[in-house]
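Engineer: Residue numbers (my numbering), protein chains in the order written: chain X, 166 to 556; chain C, -8 to 335.
Since the hints were derived computationally from the structure, they do not count as laboratory data.
Virtual Cβ for every residue (Gly too), placed ideally from N, Cα, C.
One or more hints might be untrue.
Said to hold, decoys possible - Capping the alpha-carbon separation at 30 Å, the derived lysine-lysine pairs in DSSO-like fashion look like this:
no., chain 1, residue 1, chain 2, residue 2
1, C, Lys253, C, Lys25
2, C, Lys73, C, Lys325
3, X, Lys495, C, Lys135
4, C, Lys253, C, Lys294
5, C, Lys237, C, Lys135
6, X, Lys495, C, Lys25
Claimed, not checked - Derived, one-sided and incomplete: chain X residues facing chain C with beta-carbon distance under 8 Å:
no., residue
7, Glu321
8, Glu442
9, Ala446
10, Ser450
11, Ile516
As a plain string of letters, each chain reads:
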Amino acid sequence: MADRRPPKRQPFSWRSRAFRGVIYQIIAIVLIGGAIWYLAHNTLVNMAARGIQSGFDFLSTTAGFDIGETPITYESLDPYWRAFLIGLLNTLRVAVVGIFLSTILGTLLGIGRFSHNAIVRGVCYAYVELFRNVPVLLQLLMWYLLFTDILPPAYEAITLGDIRLSKNGLSIPVPVWGVGHALALAGAVAGGFAAWGYRRWAIRRFEATGQVPKLFLVPLSLVVGGAVIGWLAGGAPMAMSVPVLDGFALTGGMTATPEFMAVLVGLVLYTSAFIAETVRAGIASVSRGQIEAAESLGLSKGRAMRLVILPQALRVIIPPITSQYLNLTKNSSLAVAIGYPDLVSITNTAINQTGRAVECIAIIMAVYLTLSLTTSAIMNWYNKRAAIKER
Amino acid sequence: MIKTSGRILAGGLVAAAALASAPAHAGKTLDAIKSRGSVVCGVNTGLAGFSAADSQGNWTGLDVDVCRAIAAAVLGDGNKVKWVPLTAQQRFTALQSGEIDILSRNTTWTLTRDASLGMFFTGTTYYDGQGFMVPVKSKITSAKQLKGATVCVQSGTTTEKNLTDFSRANNLNLKPVVFEKQEAATGAYFSGRCIAFTTDASGLASVRNKEAKDPKEHLILPELISKEPLGPSVRRGDDEWFSIVKWVVFGLIEAEEYDITKANVDKMVAESKDPVVMRIVGTSEDTGKLLGLDKNWMVNAIKATGNYGEIFERNVGPKSALGLPRGLNNLWNKGGIMYAPPVR
């Protein structure tokens, strides 16, 4: 409480380092701003001089074209912004599922590189070298060729019960959504909360008594049990929407088109090879002493990996894996080559129907930038959590 | 790198539009062509009969010949053309940014394109309509039977919207699978991913003859679901160049009407006393001067490619590999609708 005087002010000087710093920054901002203004202004003037219409007003006009895959309802009379939204959802669908699957596959492959079994080690090594060294566009084209050339036509689909696999894609029956399913979902969420509470309690008990918690089976049964109770409470609805062939189209059920499958499989196999290498590097970075210490405590190999090695490896793994997630998202734009209606494909069509190339490319750039920054933000948050806490 | 190269080009063109310091001045295109010594012509990356390059890099086709005729009329030599192969998606940006002088790439003349893309269509060189192709073994004989079918289509074309309109009007619920490249779209159709492939009827014939393993296994359905007048277009803001491109095409049609051919054009110049023929070949009035061209502009054009009928027969006509009937593209006095205003 003694020293509350304001700090002594430095006398202002034209030669002070702080002043020069501010001046440099102002100059930099003016130059960058001026360059952007010049480019934008010049573009507009040139386009006006050539009679090219510009502006974003087209977004609210009728799109007038159909889209093959629509996660939410869309018809050709809807406006352009909704067509763009469909494209974005299709991109996100591939990106999110792709990130999820490639993380699992990549982690397994990365751990497999340390296996004591020479065959497992060799297979993982061969996989990584094969998939990471073939250009991803070629892989997409190859999978698409496989899916469309080899599979039978829709009317002679390979069937397994109500599951159909053909050139029209993979169709599976899905439950008809009803009250019972909403209750089941609510039950699962409630089970999730219960599992979270159990986990806290079990960890506290472990720290107090040393009793090893069951952190997989109990939470899982809580979630599944909650869902089953909700489903039973809703009258156990059994109605299924089954895919059937009507003319040339499959109606009912849920269908993954060959385009979607080819993009997903191609991107997952390619990206997981990189993730495997990152995971391997992360595990290799954990010092040998840690492993020996875990062994001397009597931890089994699996528990040593889960409790000792992976948490430390994550510090090394997360930053490069973020780049891989971003790459996967951006690589999904290659889907244009095989006819998957992602954001880029929809934008291509929009550019040609409206002629607004500058506006449409600006939209793509803004969307991919937002997606990438969001992914980075989430991963940075996770990285902070996983980073070692100096005490 | 199918996709990336396309996007780099598109991005580059947008950047070029942003950086170009001033718009082209009227009348400059002709001067630029003369000082450069060549016409830069945007064509299809590969559509047999319209524009396709052989293994030696020689371009042939109806759209290609239009450019050759213009180069011959302007520079006196039909080979002074620089070819720029463009995808459907790149074509308008290439024209807008000044990358090419003419876009002659089986492009449909529509209001939106004429009024809002900074370009003008100069005329029609091929009257077409959109059709469907299906495998014979699918036993489909009419487009109305395509209910729920997947249809392969190339992006960036009027085709996409026509398909949607047709599907709505007939309640067919067609599912488009959209590809950036024509080759990818036809590849998916031939692999059986799509029940049908759709594009302009001339394009269907081209694909069936050049890409199918056995052309007899594929049927082009009788319905034409749209009007597709295909023709060359030029950038806005240069009315002189617009006139030249327009009148070279009219001149080729007029030449067919008055039986001036590649073979007899020299004889016509020397002997013909028909006043219309004399005007076209420049032995009486100097029509070239009005366009800013040489007196013998049409003679050069006809020597390079022949008249419109010869161009049609050589590239797409009944005796060519495509074997398309003359149909609507016949002269107005022979049952078609090809009609050129008089060259005088």
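Engineer: Each hint should be assessed against the structure and marked as holding or not.
Structural biologist: Taking the hints in turn, this is what the structure says about them:
1. Only pairs whose Cα atoms come within 30 Å are accepted, and C/Lys253 paired with C/Lys25 is accepted, the gap being roughly 25 Å.
2. At roughly 35 Å between alpha-carbon atoms, C/Lys73 and C/Lys325 are farther apart than 30 Å, so this suggested pair is violated.
3. Taking the CA atoms of X/Lys495 and C/Lys135, the gap is near 40 Å; set against the 30 Å cutoff, the hint is violated.
4. Between C/Lys253 and C/Lys294, the direct Cα distance comes to roughly 5 Å. Compliance with the 30 Å bound is thereby established for this hinted pair.
5. Restraint check for C/Lys237 and C/Lys135: not satisfied, since their Cα atoms lie roughly 38 Å apart, outside the 30 Å limit.
6. Between X/Lys495 and C/Lys25 the CA atoms are separated by roughly 44 Å; this puts the pair beyond 30 Å, and the hint is violated.
7. Interface hint status for X/Glu321: violated, as the beta-carbon distance to the closest one in chain C is roughly 11 Å, over 8 Å.
8. Checking X/Glu442 against chain C: minimum C-beta separation of about 24 Å lies over 8 Å; hint violated.
9. Of the supplied interface hints, the one on X/Ala446 is violated, with its beta-carbon coming no nearer than about 28 Å to a beta-carbon of chain C, more than 8 Å.
10. Contact between X/Ser450 and chain C, as hinted, is not supported at the beta carbon level, the nearest pair being about 34 Å apart and thus beyond 8 Å.
11. Satisfaction of the interface hint for X/Ile516 is found here, the shortest Cβ-Cβ separation to chain C being roughly 7 Å, below the 8 Å cut-off.
Comparing the model with each earlier hint shows violations of hints 2, 3, 5, 6, 7, 8, 9, 10; every other hint is respected.
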